[in-house]
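Asker: The listed protein sequences derive, respectively, from chains X and F.
As numbered in my numbering, residues 1 to 423 make up the first sequence, in order.
As numbered in my numbering, residues 1 to 423 make up the second sequence, in order.
If you're looking for bench data, these hints aren't it; they were derived computationally from the structure.
Do not take every clue at face value.
Simulated crosslink set (DSS-like; lysine-lysine; CA at most 27 Å straight-line) [what the hints assert, rightly or not]: (1) F:K323 x X:K348; (2) F:K348 x X:K348; (3) X:K84 x X:K348; (4) X:K219 x F:K423; (5) F:K323 x F:K418; (6) X:K348 x F:K418; (7) X:K418 x F:K219; (8) F:K301 x X:K161.
To be clear about the criterion: a stretch of chain X counts as covered by chain F if any three or more of its residues have a C-beta under 8 Å from a C-beta of chain F, and this derived list gives those stretches [to be verified]: (9) 67 to 80; (10) 156 to 167; (11) 251 to 258; (12) 267 to 276; (13) 311 to 325; (14) 331 to 342.
Don't be surprised by glycine CBs; every beta carbon is placed ideally from N, CA and C.
Protein chains: 2
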Amino acid sequence: MSIFNTKGLSSWVSVPADSDFPIHNIPFGVVSYQGQTHCASRIGDFVIDLALLGEDGWFDDLPLGNGAVFHNPTLNAFLELDKKAWTSVRNRLIELFQSANAEIRDHDDWVNKYLIPISDVEMQMPVQVGDYTDFYSSIEHATNVGIMFRDPANALLPNWKHLPVGYHGRASSIVVSGAEIHRPYGQTLPKDATTPVFGPSRLVDFELEMAFITGKANKLGDSIPAEKADDYIFGMVIFNDLSARDIQKWEYVPLGPFLSKNFGSVISPWIVTLDALEFYRVAGPIQDPRVFPYLETLGDKNIDIHLSVSLKPADSSETAVSKSNYKYLYWNMNQQLAHHTVNGCNIKAGDMYASGTISGPTPDSYGSLLELSWQGTKPLKMNDGTERRFVSDNDSIIMRAWCEKDGRKIGFGESVCKILPAK
Amino acid sequence: MSIFNTKGLSSWVSVPADSDFPIHNIPFGVVSYQGQTHCASRIGDFVIDLALLGEDGWFDDLPLGNGAVFHNPTLNAFLELDKKAWTSVRNRLIELFQSANAEIRDHDDWVNKYLIPISDVEMQMPVQVGDYTDFYSSIEHATNVGIMFRDPANALLPNWKHLPVGYHGRASSIVVSGAEIHRPYGQTLPKDATTPVFGPSRLVDFELEMAFITGKANKLGDSIPAEKADDYIFGMVIFNDLSARDIQKWEYVPLGPFLSKNFGSVISPWIVTLDALEFYRVAGPIQDPRVFPYLETLGDKNIDIHLSVSLKPADSSETAVSKSNYKYLYWNMNQQLAHHTVNGCNIKAGDMYASGTISGPTPDSYGSLLELSWQGTKPLKMNDGTERRFVSDNDSIIMRAWCEKDGRKIGFGESVCKILPAK
Chain X
1 MSIFNTKGLS SWVSVPADSD FPIHNIPFGV VSYQGQTHCA SRIGDFVIDL
51 ALLGEDGWFD DLPLGNGAVF HNPTLNAFLE LDKKAWTSVR NRLIELFQSA
101 NAEIRDHDDW VNKYLIPISD VEMQMPVQVG DYTDFYSSIE HATNVGIMFR
151 DPANALLPNW KHLPVGYHGR ASSIVVSGAE IHRPYGQTLP KDATTPVFGP
201 SRLVDFELEM AFITGKANKL GDSIPAEKAD DYIFGMVIFN DLSARDIQKW
251 EYVPLGPFLS KNFGSVISPW IVTLDALEFY RVAGPIQDPR VFPYLETLGD
301 KNIDIHLSVS LKPADSSETA VSKSNYKYLY WNMNQQLAHH TVNGCNIKAG
351 DMYASGTISG PTPDSYGSLL ELSWQGTKPL KMNDGTERRF VSDNDSIIMR
401 AWCEKDGRKI GFGESVCKIL PAK
Chain F
1 MSIFNTKGLS SWVSVPADSD FPIHNIPFGV VSYQGQTHCA SRIGDFVIDL
51 ALLGEDGWFD DLPLGNGAVF HNPTLNAFLE LDKKAWTSVR NRLIELFQSA
101 NAEIRDHDDW VNKYLIPISD VEMQMPVQVG DYTDFYSSIE HATNVGIMFR
151 DPANALLPNW KHLPVGYHGR ASSIVVSGAE IHRPYGQTLP KDATTPVFGP
201 SRLVDFELEM AFITGKANKL GDSIPAEKAD DYIFGMVIFN DLSARDIQKW
251 EYVPLGPFLS KNFGSVISPW IVTLDALEFY RVAGPIQDPR VFPYLETLGD
301 KNIDIHLSVS LKPADSSETA VSKSNYKYLY WNMNQQLAHH TVNGCNIKAG
351 DMYASGTISG PTPDSYGSLL ELSWQGTKPL KMNDGTERRF VSDNDSIIMR
401 AWCEKDGRKI GFGESVCKIL PAK
């Protein structure tokens, strides 16, 4: 855990009011600029080049092995180290960039070398994703879907409260914020038809999710106990699990979603560490029936993360369509990881685990258009007067996530993507 | 396509009668010996070190880029080249090692340097698997499962004949032949119970599958037409998709199999190329109803690959339990890859795509114990007098695959794994 969770901490790097990236955050990402790609952090609107800091010896006494760990186009090598290494770098950055520390501050050449304006860099995928798992851990979302597609009286399936339902997804099509993604083609079954048709999906949707990323690996055959899961989790990003509802409905029996989900998933570029999020921990919902011992966790294992989604038509302003919160999730990350490995499944550095759509208890907090428009029966009004049941061509989907407590805010930035017409 | 699909071809490397690896095969794999890990091929019981051949200039005129492509612990970099490169190396190996060619044959120092007895090497995973997809393309298997678990009168679900049903699986837990895998723990629902129990799976099963591996990548948003799929497919391996049936039954609704499938999948170590398999192409089953245009293929797109499964109790001999054939598959690889990418999903070098359980039309050709023992109602007799409904602790599962036509045989070797007791 960070040694710097104290009030009054500030940085000599200027931080705009309401920034997601004060010195309390210190997220990790990968940036390209001037023909090079390096691992980086961020304070305010400046990127901190970790490869150059490392080169100049600022991390020499930290447990980072050969020290070239940030000279990579992904964070995977850094994540393969352990929590001690992760925390040591974040603490060192807080130390170097806090207001009182003159070591770098008073040397213009170093300041200009290490700090790059965010507008001068291109954000890359922070990790090479090995495997990607999607959970289904919001009881409100699972209930809404159960009411719509199955039996309102038995909306939750019998297994739902006994285990964090999850399934494997496609890692290759996870892309970083700013992506433009074409409406996918696929097979769908028209209403009352018995044979499918082929064409562009008519029901493209977003799913508001958060994802955690693991660092340390376990060996095939070894389980990770729920209480040890924090040691394996590096941090979190926003995750937009784009979904084609009509393709999903036709393809998903009996083995689950496939092409309806793998045409693109969009993450925010900065991984916010568990260390930074620790301050915002809250208790989760009471779990009844009691979970099996391998799923039991102690203390506050949820996190109070505010979430929002806006839709932005091509020539119009944003319309806010959902406000939710990560803390509503029934199953927490520790339980998800303990369940994932209880059978001996091995995890690796860079693996990603999305939460499932995070819906809250009220209709304005639902995490997908499927729920917000209730299968298209309640269209949403946009600022420009148009309506949305699902995503239209050239709409941008903007997701934001941030924590705020005792006047201290940290955030995840944005996951933005634009849906282009079918090719 | 190989230029060497001719009768009468033989190698100066001795090849035991009935070997899977005559000079017509030339598979690709990764071997460790004397502290190094290199890409390799095989003739008879000798491994050919491709890194050393490359170092000495034998591939200098081939389109392999910097030439160090085989000095890697995986074949991924080689696979990222294109079909022309893949074929050029195979053809060069056939040229160098055919009986009449004295270039290497007559130099003992080279022979001893390049050829290593198979008993002296340890086989590694041939590729780092990026994403893994499992199809469900055997009509006999899907029908058997439908009869057992759903409605015998409507065993196939409505989508099955319109698209090759598939789902994403876990890449990290795919391991190479020779693995020992512990019986997994998990939640299961006892018969007539309403709440689950936790413990070791009682119904561990194999699934007899073949998998293809892609080389060339496509960009997110681009589709691969069925008729172009061969250019993206490097070759094939045997794939044992270990499954815990009791865990699967409880967890798989509504999003598909998860922990029941990701505790270990076991492949054969040598990738047999499409070039080598071309000679064994056969027509597939007639597809009725007619498939959508994006799934149409011309010519013989199935392959006549004989498949067998044996079970070997710890202190006993093997008992053959299944004889099947890859040619029974309703959906071919070209259709699987075209479907997978029709929505713009991107694929990468090293990605793996399993066929789904390959069951034939007769009860002795079923590809899983679930079907062979018909949900445990028809136990199988082992040589040692014991019976099997599902896999017992310390049983080894041995899968073999080979092609034979006009007296010419090539094979895949074996996928072997042993199921250890739960930890």
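Asker: Could you grab the alpha-carbon distance between X:K418 and F:K219 and see if it respects the 27 Å cut-off?
Answerer: 17 Å, holds
Asker: With a cut-off of 27 Å on the C-alpha distance, tell me whether X:K348 and F:K418 pass.
Answerer: Roughly 24 Å separates the two Cα atoms, so the pair holds.
Asker: At least three residues with a C-beta closer than 8 Å to a C-beta of chain F: is that true for the segment 67 to 80 of chain X?
Answerer: Contact hint for the segment 67 to 80 of chain X vs chain F: violated, 0 residues under 8 Å.
Asker: Taking a Cβ-to-Cβ distance below 8 Å as contact, does the segment 156 to 167 of chain X have at least three residues touching chain F?
Answerer: Contact hint for the segment 156 to 167 of chain X vs chain F: holds, 8 residues under 8 Å.
Asker: Hinted pair, alpha-carbon criterion (27 Å max): X:K84, X:K348. Please report holds or violated.
Answerer: 17 Å, holds
Asker: Quick check: do three or more residues in the segment 331 to 342 of chain X have a beta carbon closer than 8 Å to a beta carbon of chain F?
Answerer: Our answer is that it holds, as 3 residues pass the Cβ test (under 8 Å) against chain F, meeting three.
Asker: Okay, the segment 267 to 276 of chain X and chain F, do three or more residues pass the C-beta test at under 8 Å?
Answerer: Answer violated; 0 residues pass the 8 Å Cβ test.
Asker: Taking only the CA atoms, is the gap from F:K301 to X:K161 under or equal to 27 Å?
Answerer: 46 Å, violated
Asker: Mind checking the alpha carbons of X:K219 and F:K423 for me, to see if they're no more than 27 Å apart?
Answerer: Holds, because 13 Å separates the two Cα atoms, which is no more than 27 Å.
Asker: For the pair supplied as a hint, F:K323 and X:K348, confirm whether the alpha-carbon distance does not exceed 27 Å.
Answerer: 36 Å, violated
Asker: Establish whether the coverage given for the segment 251 to 258 of chain X by chain F is satisfied; the threshold is a Cβ-Cβ distance below 8 Å, and no fewer than three residues must meet it.
Answerer: Contact hint for the segment 251 to 258 of chain X vs chain F: holds, 8 residues under 8 Å.
Asker: Does X:K348 lie within 27 Å of F:K348 when you go C-alpha to C-alpha?
Answerer: Holds. F:K348 to X:K348 sits at ~19 Å (cutoff 27 Å).
Figure legend: structure checked against the earlier numbered hints; hints not met, in rising order: 1, 8, 9, 12, 13.
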